[in-house]
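Dock chain B with the ligands against chain A, hints included.
These protein sequence lines are chains A and B, in that order. Here the first sequence is numbered in the numbering used here, starting from 1 and rising by one per residue. Here the second sequence is numbered in the numbering used here, starting from 1 and rising by one per residue.
Calculated directly from the structure, the hints in this document are not laboratory data. By construction, the Cβ of each residue, glycine as well, lies at the ideal position given by its N, Cα and C atoms. There's no promise every hint is true.
[Claimed, not checked] Computed from the model, here is a short list of chain A residues facing chain B with C-beta under 8 angstroms:
hint	residue
1	Q17
2	D19
3	Q133
4	C135
5	L137
6	G138
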Amino acid sequence: MNDFSSALLAALALVLQLDSDLAEIVFLSLKVSLVAVSGAALIGMPLGAALALFRFPGRASIVVFINALMGLPPVVVGLAVYLALSRAGPLGVFGLLFTPTAMIIAQLILVTPIIAALTRQVIDDLWREYEEQFCSLGAGPGQRIMALLWDGRFSLMTAILAGFGRASAEVGAVMIVGGNIDHVTRVMTTAIALEVSKGDLALALGLGIILITLSLVVNGASFLISETARRNHG
Amino acid sequence: MDRNEAKSILPLEFRQVSFEAGGKRLIKDLSFRLEVGARTIVIGPNGAGKSLFLRLCHSLIAPSSGKIIWHGAHGYDPAPFQAMVFQRPVMLRRSVAANIGYALSLRKVPRRERPERIEEALRMTGLNRLANYSARVLSFGEQQKLALARAWVLRPQVLFLDEPTASLDPAATHDVEELINTIHQAGTRIVMTTHDLEQARRLADELLFLHRGRLLEKSAATAFFTKPENDLAQKFIAGDLLWWKRGEDNRKQISEGTTK
Ligand SMILES: Nc1ncnc2c1ncn2[C@@H]1O[C@H](COP(=O)(O)OP(=O)(O)OP(=O)(O)O)[C@@H](O)[C@H]1O
Ligand SMILES: [Mg+2]
Chain A
1 MNDFSSALLA ALALVLQLDS DLAEIVFLSL KVSLVAVSGA ALIGMPLGAA
51 LALFRFPGRA SIVVFINALM GLPPVVVGLA VYLALSRAGP LGVFGLLFTP
101 TAMIIAQLIL VTPIIAALTR QVIDDLWREY EEQFCSLGAG PGQRIMALLW
151 DGRFSLMTAI LAGFGRASAE VGAVMIVGGN IDHVTRVMTT AIALEVSKGD
201 LALALGLGII LITLSLVVNG ASFLISETAR RNHG
Chain B
1 MDRNEAKSIL PLEFRQVSFE AGGKRLIKDL SFRLEVGART IVIGPNGAGK
51 SLFLRLCHSL IAPSSGKIIW HGAHGYDPAP FQAMVFQRPV MLRRSVAANI
101 GYALSLRKVP RRERPERIEE ALRMTGLNRL ANYSARVLSF GEQQKLALAR
151 AWVLRPQVLF LDEPTASLDP AATHDVEELI NTIHQAGTRI VMTTHDLEQA
201 RRLADELLFL HRGRLLEKSA ATAFFTKPEN DLAQKFIAGD LLWWKRGEDN
251 RKQISEGTTK
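Here chain A stands alone, though its shape is the one from the complex (with noise of 0.2 angstroms):
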């Protein structure tokens, strides 16, 4: 008990003077999920939106594929990415395991497809309401995403929030593809994994404690954002 308080006076002390080790991690932490979560949402939000307008052959197939993908172990995927990225794998010429931007590889292969799933949900409900409308007014198949995508935007962007917050809480995979190494790979999750097998409980908990307040401004976002589009858009 003695142990764990002094431990967490150290780790507030940690946090309140922005200790530079700290602050490393935090920001390559956001630094590596931020970018996986911005390309995840490129490519998830129209690849959702496609399969919910579009019936093409092979739809049902990807539909049924990224549900997989969405309950898959990190660690499984960690496993595929540093098979690919090895110096003897697919792409090991590039030489990219155990840098940021194999994180960066796992973390997007994790989050676009929950990305996807929940926009292919989004748009499929309002076009269920919009689609003779749409047709009625003439719009075209580019303008019908645009007008989706746009209509959507509060739960798309709920629905990014919730891909970063799987991204940035994730430890399993980026622990394997990115080797947590200090100052280059290591970030919040594998730091906590690494200093409590060390014994070293006050940076931990330090960056528990970021960890925390960062999912609890995501799920503030996230609730901030449905509310404001319940008020202005019923």
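Same frame as chain A, now just chain B with the ligands:
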């Protein structure tokens, strides 16, 4: 594209049109012509196929058999010259003005002309006060007026209206009827459904009576209301087309009535 820039897409002709869904024939062998000019009102009991009929006219659904032909000779797409107001208004998650603006942008009305036309449509429907509200917080009646504004702003040659006053109060109903007359006088062909026989009397030049997917009668309004030819239509306007009385009739008569 304005109504005035093109020749009329009318007449519209149905040739033996049937529509099936879920294994049922919902529209049965419907043939008729929609000529230039008049206001056509479609009446018939719930489930008669009135909404399906409007959807067929507006090419939202395709006939299972038969042909629907818009003034064949022109060779251009009639869709941009039509508009429709649905029984349940569909409001985009945008402001009232933006809902109208979006319709204009889809019909490629130049950007600089839009504000004026939006303004005019809002003024006509008395919605100016609500221009910046989100369309989805409007009352059902206000949404119905907005749907009418959004359709009218396109200056269609033909306007399909599916029970446009079904949930309006008497004053608003009166307003919308005036509006429909204004639109008609400006040269737009009106085709609408209603359950309100008094409204049909007030607005109709021509009546279509639908019953269980069949067009049982098409006649001029005065003739129809003096004495419909079809006996089911007669019962309908007398308020006598009641389901518990139908059992007494034979099968043929239930679905087609008799025409003298
Ligand atoms: N997609 C569909 N599949 C199966 N049945 C349908 C479908 N669409 C409509 N129907 C049926 O067709 C019939 C006619 O429907 P429609 O909506 O045209 O009636 P309506 O005359 O407009 O009725 P109301 O006055 O209640 O609006 C109804 O019995 C309806 O249940
Ligand atoms: Mg109907």
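Point to revise | Broken hints, by number | key: When the structure is compared with the hints, numbers 1, 2 turn out to be violated.
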